[in-house]
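Residue numbers (the working numbering), protein chains in the order written: chain A, 1 to 276; chain B, 1 to 276.
Hints are not guaranteed to be accurate.
Where chains are identical, the list cannot tell them apart; a pair therefore holds if satisfied intra-copy or between any two copies.
Only pairs whose alpha carbons sit at most 30 Å apart, straight line, appear in this in silico DSS-like list of lysine-lysine [stated by the list, open to error]:
1. Lys265 with Lys63
2. Lys258 with Lys20
3. Lys276 with Lys129
4. Lys126 with Lys185
5. Lys58 with Lys126
6. Lys129 with Lys169
7. Lys63 with Lys276
8. Lys129 with Lys185
9. Lys214 with Lys61
10. Lys169 with Lys20
11. Lys129 with Lys58
12. Lys20 with Lys63
13. Lys258 with Lys276
14. Lys276 with Lys20
15. Lys158 with Lys58
16. Lys265 with Lys126
17. Lys159 with Lys169
18. Lys214 with Lys58
19. Lys258 with Lys185
20. Lys265 with Lys58
21. Lys169 with Lys276
Please keep in mind that the hints were generated in silico from the structure rather than gathered at the bench.
Protein chains: 2
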Amino acid sequence: MPFHQYFNGEIFPIDAELFKTNDLGLLRGYGLFDYFRTYNGVPFRWDDYWQRFENSAKLLKLKLPLTQEETADILADLHALSGEAEVAFRFVLTGGYAPDSVNVIQPNFLIRTEALPQDNPAGRLKGIKVLPYEYVRDLPEIKSTNYVHMVLMAEEMKKQEASDLLFYKDGEISELTRSNVFLIKDNTLITSDQNILNGITRRVVMELAEHYFKIEVRPVTYDELMEADEVFTTSTTKWVMPVVQIGNHHVGNGETGKQTLFLQKLFEELVGAWGK
Amino acid sequence: MPFHQYFNGEIFPIDAELFKTNDLGLLRGYGLFDYFRTYNGVPFRWDDYWQRFENSAKLLKLKLPLTQEETADILADLHALSGEAEVAFRFVLTGGYAPDSVNVIQPNFLIRTEALPQDNPAGRLKGIKVLPYEYVRDLPEIKSTNYVHMVLMAEEMKKQEASDLLFYKDGEISELTRSNVFLIKDNTLITSDQNILNGITRRVVMELAEHYFKIEVRPVTYDELMEADEVFTTSTTKWVMPVVQIGNHHVGNGETGKQTLFLQKLFEELVGAWGK
Numbered sequence: 001m002p003f004h005q006y007f008n009g010e011i012f013p014i015d016a017e018l019f020k021t022n023d024l025g026l027l028r029g030y031g032l033f034d035y036f037r038t039y040n041g042v043p044f045r046w047d048d049y050w051q052r053f054e055n056s057a058k059l060l061k062l063k064l065p066l067t068q069e070e071t072a073d074i075l076a077d078l079h080a081l082s083g084e085a086e087v088a089f090r091f092v093l094t095g096g097y098a099p100d101s102v103n104v105i106q107p108n109f110l111i112r113t114e115a116l117p118q119d120n121p122a123g124r125l126k127g128i129k130v131l132p133y134e135y136v137r138d139l140p141e142i143k144s145t146n147y148v149h150m151v152l153m154a155e156e157m158k159k160q161e162a163s164d165l166l167f168y169k170d171g172e173i174s175e176l177t178r179s180n181v182f183l184i185k186d187n188t189l190i191t192s193d194q195n196i197l198n199g200i201t202r203r204v205v206m207e208l209a210e211h212y213f214k215i216e217v218r219p220v221t222y223d224e225l226m227e228a229d230e231v232f233t234t235s236t237t238k239w240v241m242p243v244v245q246i247g248n249h250h251v252g253n254g255e256t257g258k259q260t261l262f263l264q265k266l267f268e269e270l271v272g273a274w275g276k
Numbered sequence: 001m002p003f004h005q006y007f008n009g010e011i012f013p014i015d016a017e018l019f020k021t022n023d024l025g026l027l028r029g030y031g032l033f034d035y036f037r038t039y040n041g042v043p044f045r046w047d048d049y050w051q052r053f054e055n056s057a058k059l060l061k062l063k064l065p066l067t068q069e070e071t072a073d074i075l076a077d078l079h080a081l082s083g084e085a086e087v088a089f090r091f092v093l094t095g096g097y098a099p100d101s102v103n104v105i106q107p108n109f110l111i112r113t114e115a116l117p118q119d120n121p122a123g124r125l126k127g128i129k130v131l132p133y134e135y136v137r138d139l140p141e142i143k144s145t146n147y148v149h150m151v152l153m154a155e156e157m158k159k160q161e162a163s164d165l166l167f168y169k170d171g172e173i174s175e176l177t178r179s180n181v182f183l184i185k186d187n188t189l190i191t192s193d194q195n196i197l198n199g200i201t202r203r204v205v206m207e208l209a210e211h212y213f214k215i216e217v218r219p220v221t222y223d224e225l226m227e228a229d230e231v232f233t234t235s236t237t238k239w240v241m242p243v244v245q246i247g248n249h250h251v252g253n254g255e256t257g258k259q260t261l262f263l264q265k266l267f268e269e270l271v272g273a274w275g276k
């Protein structure tokens, strides 16, 4: 694979050893990231992803070393080097090297090129199972690198044939480990605005849905979710993914709902035509 | 500085670039660490630190690649290479390189040699100020690399001339960002057993104190702390550090307490004679 990566001003092969060991991302979990991909060779919703990345950096008080335009040029170079029609990009911004292991001096900025995700395409048709998990993400608005519970529970998820965790706390749900949650009840689309990451796919789906559905953006209780007609989750890799089972509970009749498939189709049409 | 570091079987100069960029510590915050030092050239309470490290690794389901004996040999080599009489060691164990950025395959094990900490020795006499901060550490028993709030608040602490944050939640206190908290009230030493890291210095201080004080290990409320005669914090770098101000509140008469200084002296005698 000729994938490459950008790190602090230079381009390297993707498996190069780049990080010194006093990086605050590594030592203190002080880092954030973002992740997006191309459709028809064009980065999807680049302005939105950049804006979110910029916002995460601001919230962690990290100065971005590049402008959006400079970064776009690097993306184009990395894409060309890959030799692939489509690629995914992963931004990682850490607190940088810290002699005292506490104070930020100069952030480290990494851009990885990665193969397109193969995130359970079969699941888009038959739906996935998720495990309810009592947790609320710390600083949820920041796309930080803190995914300890996801990695910790990876084995248990496999054992229970589940694809992801559904975070809930104090009777309210927030999100899955890396994706937002929607429920449909009586032709109303409902999604939480509390303790969530501001998903770009979530936003796109709401834009697409507003012509067909009533939309409510507000706190969502666990009980509501249990009584939903349909549930689905959205992310860069999952698109519009039906959730048909939550722990032992079957959503609706336990099969992928028609309205979810309708929204899925709208999203697929949008990305299919992206950049054309 | 001839400090070196061990990484996955080899010894490197301390500023070598060692980490590939798909490490789960870097991408997902999936990592843990430990930190200890020598006195008179001998690692302090090595068995205790190793046991804690082993326990953290077990809780994060990471297999340690070395035994305690193998690791001790590496510590001796690193110490010799440093040319220093005393050194500090930092262990870092991450989830390792993950092609899918989720599942652990093989942890990465790093041992850094570092210069002895210069953590505010003047503070040991006149005491430090801390800022109350509403937060409770996630998975507190694990010495994970998640210190986002500490780094995030570093600037604010400087502005308020504070040395650290005091975590509290729902009326109970837990710990500072990297150290445990004790209060003294009427000759009783009280420290929390909830939502804390199991500090080695905390344990040592309790061993030293039990000949002189009544000791209570139980949940501690914020209100109790406000009414304490003396407050201090313990860690590998802080030893027994008086806390004389919590936000705008002055502990006792606002000066370092006699009993704190007594415990500090006991600790200093212990480490002064360590290994002799």
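A quick look at each hint next to the structure:
Taking identical chains as interchangeable, the C-alpha atoms of Lys265 and Lys63 are never at most 30 Å apart, the minima being 39 Å within one chain and 44 Å between chains. In this homomeric assembly, Lys258 and Lys20 never come within 30 Å of each other (Cα to Cα): the closest approach is 51 Å inside a single copy and 44 Å across copies. In this assembly of identical chains, the alpha carbons of Lys276 and Lys129 never lie at most 30 Å apart, being 35 Å within a copy and 60 Å across copies at closest. Proximity of Lys126 to Lys185 under the C-alpha cut-off of 30 Å is restricted to the intra-copy arrangement: shortest distance 20 Å within a copy versus 62 Å between copies.
Neither within a single protomer nor between protomers do Lys58 and Lys126 lie at most 30 Å apart by alpha-carbon distance, with minima of 39 Å and 36 Å respectively. Within a single copy, Lys129 and Lys169 get their C-alpha atoms as close as 19 Å, which meets the 30 Å cut-off; across copies the closest is 33 Å, which misses it. In this assembly of identical chains, Lys63 and Lys276 lie within 30 Å of each other by CA distance neither inside one copy nor across copies; the values are 34 Å within and 49 Å between. Taking identical chains as interchangeable, the C-alpha atoms of Lys129 and Lys185 lie at most 30 Å apart only when both belong to the same chain, with a minimum of 19 Å there against 53 Å between chains.
For the homomeric pair Lys214 and Lys61, neither the shortest alpha-carbon distance inside one copy (37 Å) nor that between copies (45 Å) is at most 30 Å. In this assembly of identical chains, Lys169 and Lys20 lie within 30 Å of each other by CA distance neither inside one copy nor across copies; the values are 38 Å within and 36 Å between. When the C-alpha separation of Lys129 and Lys58 is checked against a cutoff of 30 Å, the pair qualifies only between copies, where the shortest distance is 27 Å, while the shortest distance within a copy is 35 Å. With identical chains, the CA atoms of Lys20 and Lys63 are at most 30 Å apart both within one copy (20 Å) and between copies (23 Å).
In this homomeric assembly, Lys258 and Lys276 come within 30 Å of each other (Cα to Cα) only inside a single copy, at 28 Å, whereas the closest approach across copies is 76 Å. With identical chains, the CA atoms of Lys276 and Lys20 are never at most 30 Å apart, being 42 Å at best within one copy and 36 Å at best between copies. Within a single copy, Lys158 and Lys58 get their C-alpha atoms only as close as 36 Å, which misses the 30 Å cut-off; across copies the closest is 19 Å, which meets it. Taking CA atoms no more than 30 Å apart as the test, Lys265 paired with Lys126 passes inside one copy only; the shortest distance there is 14 Å, against 67 Å between copies.
Taking the closest pair of Cα atoms, Lys159 and Lys169 come within 30 Å of each other only inside a single copy of the chain (24 Å); across copies the shortest separation is 34 Å, beyond that limit. For a Cα distance limit of 30 Å, the shortest separation of Lys214 from Lys58 qualifies neither inside one copy, at 33 Å, nor across copies, at 48 Å. With identical chains, the CA atoms of Lys258 and Lys185 are at most 30 Å apart within one copy only, with a shortest distance of 12 Å there and 65 Å across copies. Proximity of Lys265 and Lys58 under a CA criterion of 30 Å is satisfied in neither setting, with 35 Å inside one chain copy and 44 Å between copies.
For the homomeric pair Lys169 and Lys276, neither the shortest alpha-carbon distance inside one copy (43 Å) nor that between copies (52 Å) is at most 30 Å.
Of the hints listed earlier, those the structure fails to meet are numbers 1, 2, 3, 5, 7, 9, 10, 14, 18, 20 and 21, in rising order.
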